[in-house]
Structure formats: C-alpha cells, structure tokens
Amino acid sequence: MKKLILLWVLLGTLTLHAQTIPVTFKNTIPTGYDPTSQAPGFMEVSPNITMPAGHALVKPPTKQSYTWAQTFAKGGTHYNRNELGNEGSLATFRTTYPDKEYNGVPTIPLIFGLPCAGPEQWVDGYNKKCWPNGPFSDAEARAKAHEVWNSGNASNLWIGETMENFPFMPADKPMWHSFYDELAGLYEAKKAQDQKPFFLCHNYFTTSPYYLGNTSKTQADWEVMYTQDPSQWAMKSWFHPGATLSRTNTVMEGIYFGAFDLNPGQAMNTLFCMELWQKLGKYTGMFFFNHHEWAPESFPDKVTFPEGTFFRSDKPVHDPAFQILMGFLAHEYGNIFVDWGTFLKQPASKKPIGYYQPVHQSMDYWRPNAGGPATFPYYYQLGVGLPPQDFYSPLAVSSDYSYFGNLLWMQTGGVVANGTPYYCSYRLDGNAWIDRKVTGSDIVSAYFTKRGIARCRISGSKMVLYYFNMYADNLKHAIEIKHPTNPAKSYTGTVCGSGIHVVLLDI
Amino acid sequence: MHTNINFARCILACFLFLNANHLFANGLKNENEADLDPVLFSMSADRSVVKVGEEFSIDVHCTLRDFSGLRLFPVSLDGEFVLKVVFPEGFVQTAGNYDHAVPVKLLRPGDKAVYRLTGKFVSRPPSGKFMLLRGTKHSAETGRYLYRGELAIAVDDPEATEKSLRQMAANAFSQCLEAESMSGANGPVTSDPNASNGQTRGAENQYNHFVDYTVNVPAAGLYQVTLRYYSSVAPVVNVTVNGGNAQSVSLPNSGSWNIAYTDYTFAVNLNAGASTLKIAGTGGGSCRQDKICVTGDPQSCTVMNKVRLQWRAADFNRLNGAKIQGSNDGNTWTDIYTIGVNATGSWQEFTFPNATPYQHVRYAASPIGYGELREIEFFAGATKLSGTAFGSDPNVAGMGWQYAMDGAVNISWHGQYTGIGAHAGPSNFVGLSITGCAVTCITPTIVQTAGTNVCPATNQQVTLTASGYSGNVSWVLNGSSAGSGTSITTVNAGTYTASSSNGTCTSGQAKTFAVAQAANCTPSSLVPKISSSGFPEVLTLSIAPDPANPGGWLLSDVGTVSLPAGYEWSYFIGSKWMRTSANLTNEPWQSSVPGRVVKMATKIGLDTLNRWPCPQEGCSYYYQNDAVAQLVPGARGGLTTFIFN
Numbered sequence: 009m010k011k012l013i014l015l016w017v018l019l020g021t022l023t024l025h026a027q028t029i030p031v032t033f034k035n036t037i038p039t040g041y042d043p044t045s046q047a048p049g050f051m052e053v054s055p056n057i058t059m060p061a062g063h064a065l066v067k068p069p070t071k072q073s074y075t076w077a078q079t080f081a082k083g084g085t086h087y088n089r090n091e092l093g094n095e096g097s098l099a100t101f102r103t104t105y106p107d108k109e110y111n112g113v114p115t116i117p118l119i120f121g122l123p124c125a126g127p128e129q130w131v132d133g134y135n136k137k138c139w140p141n142g143p144f145s146d147a148e149a150r151a152k153a154h155e156v157w158n159s160g161n162a163s164n165l166w167i168g169e170t171m172e173n174f175p176f177m178p179a180d181k182p183m184w185h186s187f188y189d190e191l192a193g194l195y196e197a198k199k200a201q202d203q204k205p206f207f208l209c210h211n212y213f214t215t216s217p218y219y220l221g222n223t224s225k226t227q228a229d230w231e232v233m234y235t236q237d238p239s240q241w242a243m244k245s246w247f248h249p250g251a252t253l254s255r256t257n258t259v260m261e262g263i264y265f266g267a268f269d270l271n272p273g274q275a276m277n278t279l280f281c282m283e284l285w286q287k288l289g290k291y292t293g294m295f296f297f298n299h300h301e302w303a304p305e306s307f308p309d310k311v312t313f314p315e316g317t318f319f320r321s322d323k324p325v326h327d328p329a330f331q332i333l334m335g336f337l338a339h340e341y342g343n344i345f346v347d348w349g350t351f352l353k354q355p356a357s358k359k360p361i362g363y364y365q366p367v368h369q370s371m372d373y374w375r376p377n378a379g380g381p382a383t384f385p386y387y388y389q390l391g392v393g394l395p396p397q398d399f400y401s402p403l404a405v406s407s408d409y410s411y412f413g414n415l416l417w418m419q420t421g422g423v424v425a426n427g428t429p430y431y432c433s434y435r436l437d438g439n440a441w442i443d444r445k446v447t448g449s450d451i452v453s454a455y456f457t458k459r460g461i462a463r464c465r466i467s468g469s470k471m472v473l474y475y476f477n478m479y480a481d482n483l484k485h486a487i488e489i490k491h492p493t494n495p496a497k498s499y500t501g502t503v504c505g506s507g508i509h510v511v512l513l514d515i
Numbered sequence: 103m104h105t106n107i108n109f110a111r112c113i114l115a116c117f118l119f120l121n122a123n124h125l126f127a128n129g130l131k132n133e134n135e136a137d138l139d140p141v142l143f144s145m146s147a148d149r150s151v152v153k154v155g156e157e158f159s160i161d162v163h164c165t166l167r168d169f170s171g172l173r174l175f176p177v178s179l180d181g182e183f184v185l186k187v188v189f190p191e192g193f194v195q196t197a198g199n200y201d202h203a204v205p206v207k208l209l210r211p212g213d214k215a216v217y218r219l220t221g222k223f224v225s226r227p228p229s230g231k232f233m234l235l236r237g238t239k240h241s242a243e244t245g246r247y248l249y250r251g252e253l254a255i256a257v258d259d260p261e262a263t264e265k266s267l268r269q270m271a272a273n274a275f276s277q278c279l280e281a282e283s284m285s286g287a288n289g290p291v292t293s294d295p296n297a298s299n300g301q302t303r304g305a306e307n308q309y310n311h312f313v314d315y316t317v318n319v320p321a322a323g324l325y326q327v328t329l330r331y332y333s334s335v336a337p338v339v340n341v342t343v344n345g346g347n348a349q350s351v352s353l354p355n356s357g358s359w360n361i362a363y364t365d366y367t368f369a370v371n372l373n374a375g376a377s378t379l380k381i382a383g384t385g386g387g388s389c390r391q392d393k394i395c396v397t398g399d400p401q402s403c404t405v406m407n408k409v410r411l412q413w414r415a416a417d418f419n420r421l422n423g424a425k426i427q428g429s430n431d432g433n434t435w436t437d438i439y440t441i442g443v444n445a446t447g448s449w450q451e452f453t454f455p456n457a458t459p460y461q462h463v464r465y466a467a468s469p470i471g472y473g474e475l476r477e478i479e480f481f482a483g484a485t486k487l488s489g490t491a492f493g494s495d496p497n498v499a500g501m502g503w504q505y506a507m508d509g510a511v512n513i514s515w516h517g518q519y520t521g522i523g524a525h526a527g528p529s530n531f532v533g534l535s536i537t538g539c540a541v542t543c544i545t546p547t548i549v550q551t552a553g554t555n556v557c558p559a560t561n562q563q564v565t566l567t568a569s570g571y572s573g574n575v576s577w578v579l580n581g582s583s584a585g586s587g588t589s590i591t592t593v594n595a596g597t598y599t600a601s602s603s604n605g606t607c608t609s610g611q612a613k614t615f616a617v618a619q620a621a622n623c624t625p626s627s628l629v630p631k632i633s634s635s636g637f638p639e640v641l642t643l644s645i646a647p648d649p650a651n652p653g654g655w656l657l658s659d660v661g662t663v664s665l666p667a668g669y670e671w672s673y674f675i676g677s678k679w680m681r682t683s684a685n686l687t688n689e690p691w692q693s694s695v696p697g698r699v700v701k702m703a704t705k706i707g708l709d710t711l712n713r714w715p716c717p718q719e720g721c722s723y724y725y726q727n728d729a730v731a732q733l734v735p736g737a738r739g740g741l742t743t744f745i746f747n
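Listed in order, the protein sequences are those of chains A and B.
Mapping the first sequence onto my numbering, position 98 (from 1) lands on 106, and the numbers just tick up by one.
Mapping the second sequence onto my numbering, position 77 (from 1) lands on 179, and the numbers just tick up by one.
Don't read these hints as lab results, they were simulated from the structure.
Misleading hints may appear alongside valid ones.
Some chain B residues flagged as far from chain A (calculated, every beta-carbon gap over 12 Å) [claimed, not checked]:
id: 1; residue: Pro320
id: 2; residue: Thr342
id: 3; residue: Ala526
id: 4; residue: Pro558
id: 5; residue: Ala737
Straight-line alpha carbon distances no greater than 30 Å define the calculated DSSO-like cross-link-like pairs of lysine-lysine that follow [as the list claims (entries may be wrong)]:
id: 6; chain 1: A; residue 1: Lys204; chain 2: B; residue 2: Lys631
id: 7; chain 1: A; residue 1: Lys359; chain 2: B; residue 2: Lys186
id: 8; chain 1: B; residue 1: Lys222; chain 2: A; residue 2: Lys484
id: 9; chain 1: B; residue 1: Lys186; chain 2: A; residue 2: Lys71
id: 10; chain 1: A; residue 1: Lys497; chain 2: A; residue 2: Lys458
id: 11; chain 1: B; residue 1: Lys705; chain 2: A; residue 2: Lys310
id: 12; chain 1: B; residue 1: Lys705; chain 2: A; residue 2: Lys458
id: 13; chain 1: B; residue 1: Lys678; chain 2: B; residue 2: Lys613
id: 14; chain 1: A; residue 1: Lys34; chain 2: A; residue 2: Lys497
id: 15; chain 1: B; residue 1: Lys222; chain 2: B; residue 2: Lys486
id: 16; chain 1: A; residue 1: Lys323; chain 2: B; residue 2: Lys705
id: 17; chain 1: A; residue 1: Lys484; chain 2: B; residue 2: Lys186
id: 18; chain 1: B; residue 1: Lys678; chain 2: B; residue 2: Lys705
The calculated label-pair distances, taken between Cβ atoms and stated as ranges, are [what the hints assert, rightly or not]:
id: 19; chain 1: A; residue 1: Ala125; chain 2: B; residue 2: Asp213; range: 54 to 60 Å
id: 20; chain 1: A; residue 1: Pro217; chain 2: B; residue 2: Asp728; range: 44 to 50 Å
id: 21; chain 1: B; residue 1: Val204; chain 2: A; residue 2: Tyr105; range: 25 to 31 Å
id: 22; chain 1: B; residue 1: Thr554; chain 2: A; residue 2: Thr312; range: 37 to 43 Å
id: 23; chain 1: B; residue 1: Cys278; chain 2: A; residue 2: Thr457; range: 44 to 50 Å
Each residue gets a CB set at the ideal place from its N, CA and C atoms; glycine is no exception.
Construct the complete structure from the given sequences, taking the supplied hints into account.
In structure tokens, the structure reads:
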C-alpha cells in the first residue's frame, strides 16, 4: 500500500512538473516579398544582418546597382572575385575588403597556370593535354603552392573545380598531398598572424564511399560509424589523416540533385556526409545549384511582356521549400553556403533577355499577343568582346529562396551559433515517440525509415528548435518535441510539408 | 608541418628565446635537409631583461644555406627577401640599420647579413615579444610573410608606483580546477595515468560533452584559461561564461585519446566573484577534458571621485539633482553622488567620497534636465579618466551627447525636448567605459524616434533607436534576430529588445519595447503568389482556400494537354509523388508554406523518374526512351512554384 501511495505521489509530482510549451514556427518568407515581379528581391525585403563568426555565405548581388557593401550588409561574408561587376577592380576590392575574397572555383589550369596546349591523351586517369609530364613531383607541387600563394590568389575561402573535364588530375595522386601540405602551411602561418579563419577545399563537390543508398551496406554499417573514431571506419576517405586531401580543411557538398523522387534521399545523404566530415575535423558546407542537375530543356519558365510571353526551357528549378531548407541546414550541419547559378545583372524591366548561341537556340519559345512581333524583340546577344550591359535571365527570383534560408538561420540558429546541438525525441499526432539516438545517428535512422528530424541547439538561455521531413506529405500534423536534456519539458506546434520549421526560444 | 627550434634558453624567470618555424617536406627525417627556406634566420639580444626607457639592441642574422643539400628547393623562396620585425606595444626604434621591410639579397651559400635594431620601451608592454617575418620580393604587394621566429624581452618598469606593484601582487591570480570534480558535466569520469589527479571527463566519439567549471576570481578582467585535454581528432568547443560571451575555440588535436595530453590557452572575460565557465564540445573530435587553470593579472578599476563640468548658458536650475553613477555590468547603475547646486555657466568641480571602483561611470540628468552640458570630465583624484564615451539618444539635431565629451566647450549637448522621442530626466546621460578596466558592454536602452505604431499592409513604420550603448547593436523581435545597427525601422509589431557587443563582450538584453499595430490596420492575409510557371496548357495551377481547413489550400490543375496512351500523370506535390489518370483536383496543401507542383506523363508503373530519354550516344544506365512523354515541344513537363505572402 505504501508503495502505491508513493507511486501516486511520484506520478503527481511528475505531472506537476511536466511542462508543455506551445510554439509557433517562424514564417520562412520575409514580409513584403513578391516573386511575381520576376526580378530578384531579397535585397529589398531583408534586414541588415551579420553572419556569425566562422560561418560563410557567398551571395552575389542580383542587380548591377547593388554594391559590395550592400551584399555584406545582408550577411554575405565573401565575394566571388570573378563577379565583381562594375564597382571596381579586384585590386580595389582587395584593398577595401581584405580577406573577404572567394576564389570562385578556379579550374586546374587556372590554379597551376597550365597551358593545356597538347593533344588529348588520357593516361593513368589524367590527360596529357594538360599534364604532358604527368603529375607534379613532390618538389614541383610544393613549389606550386608557393607560386599560388605569392600570386595573392590564395583567398581565405578557397574552393576548387578540380574533379572534372579535360584538365582533371585524380584526387588520389600524391601530388595533391604535397600541394595542399605546403599550401595549408602557408595558410596556417598567416592565420597565426591575423587570426582570420580560412577554408581550403579541393573541389566544390565531393565523391566519397559514404553513400546511404549503397545496397551492399546496411543501416547498422552506417550507424556504427557514429560510435567509432574515424580511424576505425571500415571505409576511409581522401580526407583521412595521411590521405591525399588530408591537409585541406574543408569538404564541400555539392547540391546538384537529379530526379525528383531521389531528392529526399540525396538530401539526407548530404547531411550524413556533412556529419562525417565534421567528425573528421573538417569544415563543411553546401555548394548550391538552384536547379536540378537533370532533365535539360524540359521545363519551360514563363516571362511576361506586353507584346507576348517568352518561355525558356531549362532544367527544373528546385522547390522553394527545399531551397530555404538547405540554406538553413548548411549552417546547422556546416559552416558554408555558396550560391551558384545566381545571376548578376537583372533589370526590373526584364529586358533584354540574355541569349547565347547555340545554347539558347533550342530552348526559347515566343508566343506573341495579338499584334505583337513574330519573334522575341528583346534579345541581348551574349559573347566575347561585346559591350557590357544589364540583361535578364529567366527564373531570376529562384535564388531569393536559398538566401531566405540563410537569413532564417542568421535570425534563429545564428543567435545560438556556438551552442550545443542535440537531436530531439518527437512524436506526430500523439503517436509513438521517435526517440533520439544515443549515438547521434539520427540522420541514418531517418533515411532508412523515411521520417523527419527534430533537432535543437542550445546556448545559455536560448535554444533554436527545428523540424524537417524530406519525405513529408502536405497535411498538417501536431508535433511534440522533447527538450533534449530536460525530459519534463516539451514543445508543441504544427508542422506541414517538407520545408524547415524553426523557432528561437528563451529557455 | 612545423617544428620549433629554440635559439636561446631561459634565464631565471626572465627568458629570452627565439622560436622559429620552418616548413619542411613530408617524409624527410633530417630537419635541416628538409627545411624549404634556403635562408636561416635567428635573432639575439644584448640583454634579456630591460627597464622601461633603457636602450637595447637586437640582431637579426640571415645566412644563405648550401643549396646542394636541399632536395626540395622551391623556386619561390630564394636568397632575395625582405625582413620585417613586428614590434611589441610600447617599443620605439632609436637606431640600427634595420628598417621595416628591409630588402636583402644573398647570392652565395654562406653569405650572411646582420641587421641591428636598437630601441627602447617607452611603456611597459603586455608582452615584450618581437616577431620575425620573412617575405619574398612580392610581399610588398601581397602583404604576406612567413613566420620565422620570435624573441621575448622581459620588461621591468622602474617608474611603477608602490601602489600599483601592491595592486599587481594582489591581482596575480591562479586557480586550477579538475574536470572530474565539477558537478555540472555530462561525460563519464575516466582514469588516465598521466591525467592531473588521475582522472578526466568525456567519452570518445561523443563530441558534445561539456564541463561546467566554477571559477572564482578576485577582480573583473581578462583571464587566461589553459585547458588540458586529450583528443584523437581536433575538437571544437564552445566557451561561455554564465551562459553568455560565447566564443568558439578550435583546439589543436592532442593526437591521442589517452596518455598524451595537450594544453591550450585562450582568454575569457570574467567578472569578480564566482562564474560558471562552460567548455562544451560542439564539433570535430571529442574532447576529453582533464583540468583548467585560470590565471590572470587584470588591472583594477580606479575609483572615480571627482567630476568637472560646464553647463550651457541657460536653465541653470536643471543641473540641481543630476547624479553621478557607476556600473560594473553595464546594466545596473548605482548612485555615487547627487549634485545639489545650480549651474553657473562656468567650470564647476564636484569632489565626493567613493570607495567603489566601477567599469563604467556616467552623468545622469536631473528629473527636469535634458543633459545640457558643454563638457564633462571624470577624475580619480587628480587623474582624468579616459575610455570609450557613450551617451543617450535622441538629441536635438547638431547637439548630440558627443559634444559633452569632445574636449571643447563651444557646443553643448541637449537631449530631445519636443516631439517623438522627447525625454527629460535621467534618460539623458553621458559617460565613460574606463580604459583598462571595463570588460562588460553597456546594455542599450530602446527609444522610439519616429512613427507611432505600425501596419504592414500600409507600410506604416516605427523607428527604434538604441541609446547609451557601447559596441555594435543587434536587434531581436519576438525572439528572432531582426537586424543590426543603431536604429531599426520596421513595419512589424511585437516585442523588441537589443544588445550590444564589441567583439570581446556582449551586453545584457535591453528592456523590451513593445511596438503596437495600428488600430485600423487590417492584417494582410496570406495569399498565394506564383513564383514561376511554364506552358499553361501543360500545367495551370489553381490554389484555392480550403473551406474545411482554415489556413489550408486546395491545389488543382486545369492544364489542357492530353495524356498520351500508355502513360499516367505523375504529379510531384512537394515531396509527394502522386500518379493519376486525371488532372490534379483539390489536392490538400494544409498550410501557407512555399511549395512546388511538377507534372509529367510517365509510363504506367514507372518505378523511378531516374530514367530519361536516351541521348545521341545511345540508351544505357538510366536512359529509357519511353519513360517520360514529350508533352509539347520544349516541355517534358510542367512546373509551378509558389509562396504565400
């Protein structure tokens, strides 16, 4: 009897102290934003804001009239040195904004100054057109590092384009270790003097053995990696200590996704890899293409004019919810977001539209209104040697969304950027709890069970709390998320769709 | 890779050393052979301890090595270079043939050059460390140099007063705390033979373990924290003091989970008394914490006991009742003295008893005052205090608080006295964050400087201004970041707060300020807005309110293109893949989140869209000519993106 009374008292006590806090997830679209203008608008609707230290955002402006300073005022941290526009020279930029330069994915010939003048001849994985004498020797590679450094082109955000096309040199060649060992030493010496962080990344996307869709592996094969030191992983990467890319300190994940039905799995695999790179002690981030890398000339996009309607048939643009989500998660699972494919000069009139032969020849369709011209009247021929001019590119607004994801993170996750992340247990619609994994392998579990992720980051008295489900339907669900370290406290709200649901809380 | 070479040994407590980092090639064992720099550098001094004002010399030796022994001689480093010695604070050069960026050219192996730097310290520096850098002939343009060692000179200060020496002795502080002894921690206690006290905190492969150290320091100031830890991958930790002033510290890898530890030192600002110093792993490798040692020699704050001020030419009675106040947290202010006389229009001096040192001091206007000072100075005895000035807003145009702190009496400060933002009384203030003493930032006060209330639908705005802060201001609306800068103009109603930071400290949150929505403001209801769309005959999306689910929508497709035989419509609605023979009709979209609908004609029963018409090269892998139908020229599908705003 005494035990029953004690149990009743304990239950009463627990009930008394349990706390359920309703939350409203933040709207992901800034007030006043209107995409029907068909011109980029993130600059106009976003507050001035600063990216927390240690995080990087490359966001080129989308109108010629925007200044470098305005881009930085919106949270940009680095600027592509190949897209400086008409505000000034590279020298002016470097003087005005030291160490805010991004190298803009130089190719191998650009990095090493290779003439690539020989005949095409592939040997041992490389092309003698660019590598007539084969890979660099150790001494040559180290000397090249000094050459690059002394040229001033080793910017604090270095992302290469080194794994494709004819200048390709396989990443497992020892020359890469020599080159990066020397270059990293120079970066580290500079950092010792100026304390400014640097990101040194071999390529804008990564190939690795870590693929959750590998049918020869099981869920357990991947989950065990969360309990092991990287030196114990069954499969090693080029970034493991001693491997050819081990002296780079950053591994970027390229968001170049294919068919629609594969996207949820690809996105989860991206997050999985980002967790692994961090376990290896690397910085990581997303190199984000705003379209699918799939189905060219298949999905036309409309641009309206008084004289008629112009369509350009292109690769499919991403779901805005996905763009916002990835802009946010890039900083929750990494440090860097690079927007790729955003266009610089976008006149509000949408005239003229850039046209490049033969690329656009088969992509464009013009449907004149009654009395309108038979052919599209506002083309601007693109090409070498032509006078610079503002021009419009269809789907210009699409990159607003990935910026909104970054903005959302700066406004929420960025406030607790240095906090401690936790996965959280949650349940939907009062159903069974989905418990957080003690090893932190929640992403793997979510991939295999096609479910969502509840996660938070706590710093002091503040907590960012978020939920996303790449596999979601489009129906409303009541969610309850447990505080990760205080089981008596939980948060309730409504979620719907595959986008990000986030709120910043005082706890 | 780096190696450290000491060029001199410690001499008693005062030491002289030269530490040179040389890059060397991977895999070579002989350090000299592997050194990539053909020039050897060293520094030496004619004495290891100097007094302030005492002249001494440092020689920089450069020797071109024998090339023949170098297997890895880089083309970019040769005998032609520039030298740069980075001076410590308080050092001035008085003689010697060394000059900044002196160019040197050594041609033959064994060639030597010696450059002498003669000078003295004019004040006692925080560190007497000289850093030697070498550049190439390009360094002038690139601004990049290679580190080649350093030399530390101990500096004595013969003019230090007995008082300051006593103060230093009193302030010298050291406290070590064992990780395993702290009650606030989430990692297991484990043993290690080399660990301090034989035990540590933290588990391998659990990077997010933390330890809360309770530190107790005698005075506010900047302290050094040395963390002893083990790691097998470089950890990243977050360091906070009482939950604030967060800093992320990237720790070097100790290289071993046990036995071989590493010490790493970083700085934290601490207030006097007990504080919780949290060191929490946030990424990278796991950090097995052994102990921390907190050391410091923070300067004490002086005791302010006098002000000197000059009032403007009128309204002399408004000085009477003004207060002199102090604060040690930038948030709570303590009255030190109340002025009990009228102004005279000339310089007036007020001396008062005060035994408490404060990081920040200020003048706050009387209940009927608006500032109105031409100038004010704060003193500790006969010493005029210096620091970072701050003051209140808003003020009359051209009469900002800065005029009360500019060292001139020609223009006076005057707080706003009419219109929006007018404020009489102690909300008008001006003061100093005292140099060498203040370790906290001043919490801003939010004042409304334009507008009355807001309405997003009509773009009716309010401007809020941060008053009386030091550093940079960050704004928060309803718990979310809302921007940065002294002022914020907004159409959004809600509860605003702000804080300031200057890179080394972060203030507390300002008292919240509520911005109301105008009474006649109709909330703008969210409406769908098409962001992009394609050929209308393929996909025309209708987005209509869902009468059964307020806030939800129903999606329908009224495209007219025909479905080819043997195919079905594949709609991707968000992440949902729906296959149907009919156009999409009243598909639920139960919230106002952004989305996308894609429509394609796919072969009936197609397992994955990862099949695509064969290219010219032929069909293989995921190419399958009949997987998806070409609906019209230029369109294998329709796609519409939308948001609600």
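CB-CB spacing for A:Thr312 and B:Thr554 relative to the 37 to 43 Å hint: 40 Å Cβ-Cβ, so the 37 to 43 Å window holds.
Need the status of pair B:Lys222, A:Lys484: alpha-carbon distance at most 30 Å? 74 Å, violated
Assertion that B:Ala526 lies outside the chain A interface [Cβ separation over 12 Å]: 32 Å, holds
Satisfaction of hint between B:Lys613 and B:Lys678, Cα-Cα up to 30 Å: Outside the cut-off at roughly 46 Å; violated.
Does the structure keep B:Lys678 and B:Lys705 at a Cα separation of 30 Å or less? Holds, at roughly 18 Å.
Is B:Lys186 within 30 Å of A:Lys71, Cα to Cα? Judged against 30 Å, a Cα distance of about 43 Å means the pair is violated.
In terms of Cβ atoms, is chain A entirely out of 12 Å range of B:Thr342? Non-interface label fails for B:Thr342: nearest chain A Cβ at 6 Å, not farther than 12 Å.
For the range 54 to 60 Å, tell me whether the beta carbons of A:Ala125 and B:Asp213 fit it or not. Given a distance of about 40 Å, which is not inside 54 to 60 Å, the answer is violated.
For B:Val204 and A:Tyr105, compare the CB-CB distance with the range 25 to 31 Å and indicate the outcome. Distance hint for B:Val204, A:Tyr105 holds at roughly 30 Å.
For a C-alpha distance cap of 30 Å, please report whether B:Lys222 and B:Lys486 respect it. 27 Å, holds
For the pair supplied as a hint, A:Lys359 and B:Lys186, is the alpha-carbon distance within the 30 Å limit? 54 Å, violated
Regarding the assertion that B:Pro320 does not contact chain A, is the least Cβ-Cβ distance greater than 12 Å? 25 Å, holds
Hints 2, 4, 5, 6, 7, 8, 9, 13, 17, 19, 20 from the earlier list are contradicted by this structure; the remaining hints agree with it.
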